[in-house]
Amino acid sequence: MSFLLDAPAPEHALPSAERALRSRLMVVADELLADASEVRALAGRGSGVLLGALVHRVQASGLDRELWLLLVAMTAAFPNTELMLRTRRALGMAAGPQALSAVLDASYHSGTRLQSLELEMRLVTDKPVVDVDFCARFDHNTGIQRVVRETMSRWNGEHSIELACWADGDNCLRTLAPIERRRVLEWDSHKAEMAHHIKPDGRAPAGFVPELVVPYRTTVVLPEVAHDGLWPQLSALARFSGNQTAMIGYDTIPIASADLISSHETEKFSKYLTIVKNATRVVAISDAAAGEFRGFASALVSQGVGAPVVGCVTLAVQSPARGASVSAPTDQPEKLVLMVGNQEPRKNLLAVLFAAETLWREGLQFTLRMIGGGKSDYTRLIDHEAKRLAKAGHAIEVLRGAGDDVLIDSYRAARFTVFPSTHEGYGLPVAESLAMGVPSITSNYGSTQQIADGGGCLTVDPRNDQSIVDAMRLLLTDDVERERLAAEARARVPRTWNDYATELWHELVEPLENAS
Amino acid sequence: MTNRLRVLEDERDRLQGELDEIANRATDRWLLAVHYESSVVNAMQQTLSWRVTKPLRLVRGLQLARLRSGGSGGSTS
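Order-wise, the sequence lines are chains A and B. Residues in the first sequence are numbered from 1 upward in steps of one, following the working numbering. Residues in the second sequence are numbered from 1001 upward in steps of one, following the working numbering.
It is worth saying that the hints were derived from the structure and are not from the lab. It should be emphasised that the depicted structure is a prediction, and the values quoted were computed from it without experimental measurement. Please note that the accuracy of each hint is not assured.
Said to hold, decoys possible - So these bits of chain B aren't anywhere near chain A, every CB distance computed over 12 Å: (1) Asn1003; (2) Leu1008; (3) Arg1012; (4) Val1052; (5) Pro1055; (6) Leu1056; (7) Arg1060.
To be verified - Stretch by stretch, here's where chain A covers chain B in the computed footprint (C-beta under 8 Å, at least three residues): (8) 1022 to 1030; (9) 1033 to 1047.
Here a beta-carbon is modelled for each residue, glycine too, at the ideal position from N, C-alpha and C.
So here's chain A without its partners, still in its complex pose (with noise of 0.2 Å):
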């Protein structure tokens, strides 16, 4: 630690902290302060001055807009909560001059670490705030992140948005880096170009010099689900800032199925619920999704706040497409049991492992393949009961980082795909496979259920064992009820991302820009 006292403690804030600072606090006050010539003439007196009359102005009007605006301009970071209260408090108590001290005072006891005091921020209030963090910073493309960037790349051709991401430290959203841009709007040409270049930290490119975005008076749209560092930035947003929150709601899995998720999944969702909480508007991408929202919606009563109006636009369901190096088919098993999917608990893995050894003794010849991963625990699990099976001279794949030819090939080879999860928040591998026209079997009720609605599905009761047993037996055995399916499948019209993208403005952001 010998380096904390070989530096001694500069008389004077760096000179670029001391300009970034001014250069925030005047486009704060070419908001909240009319006359431009007075914020030229408040500013030519010093920040402080600036400052002050800032947090005068605030005082006065007793909004927590401004409060909340005035606290990012001084601090490059969004308030939390406490902070907010914190600092409203003291500037209930304090007069006259003792209010610049008062919030100077509140907001170095917050504990915040600033990261962010060099930057320079830009105001935004004329166009929704997108926050893509987790798309922009890395290259990574299942199911949330599909779902963000098939959208914001239909978005931006169409609608005026700021796309942004957290800044260092997650104090506060910033500008996107150009290839943080592309990485969100261009994943494809992106994706061709992954192999050069280096894997991306989450941190800004180097040389990168971002500035702030703040929404302000706006609508701030999260598509993705917050990591747990920024629910108390986010909430505090939703809930001070004036600006209208709208989230896409994915599932409430590691609440309502909290028996089968680690615990905590579950304690990081129960933060993200305090964003969901303050938000406007939630749109989820399924009915069944739609009511947990809505029934967690129901919950707040019992708080006294105004709970987010719930709506629903269904996802897309496309054919995983096919990598630019494409693979000659490999031979594929004569009669192929496909279940794609992470490996968790709530999957069921283990009763489809059931009803296949069932049908195996039966003497039905088939191969099961699993495709997806896991975590450790569970996937263990799983890798000693397929090693059980094959032992036993049953036909049984678990293939695990599998690439999308091989998930295509698998599809297209594929008698049909089972899917009998106990809880989704939509079911994309049945939806997959029914583009692909591959029948499924999957659970009857929920999302998969609605999904089978449309044709192509045997339905099961995914805790009855013999339910999958029976539907695995009869698809495996009646080539005539697995071509009414297969036809039914191909049957079903497709619904494009631009469907998606199309609906989901004017569900989630619309009502929100016609509001304001």
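Put chain B on the given structure of chain A with help from the hints.
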């Protein structure tokens, strides 16, 4: 009368200048404190010892999370 007014105005400006100075100094000190603290923590996190001990903190964090959820805290608890 005009002289008296000018004297009072000068006095007012002088006092206003003092108030400005106080506001600027308080703001500068606040900025210095929060910026310096952030820099010190940042510097500490760049040190070899901080990076080497990261796995230990990770394990301890998991132990504490397990404790909170009613499990055993492990050998260091």
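Now for the hints, and whether the structure bears them out:
| no. | hint | result |
| --- | --- | --- |
| 1 | Asn1003 | holds (27 Å) |
| 2 | Leu1008 | holds (20 Å) |
| 3 | Arg1012 | holds (14 Å) |
| 4 | Val1052 | holds (14 Å) |
| 5 | Pro1055 | holds (17 Å) |
| 6 | Leu1056 | holds (17 Å) |
| 7 | Arg1060 | holds (14 Å) |
| 8 | 1022 to 1030 | holds (count 8) |
| 9 | 1033 to 1047 | holds (count 12) |
Figure legend: structure checked against the earlier numbered hints; every hint is met.
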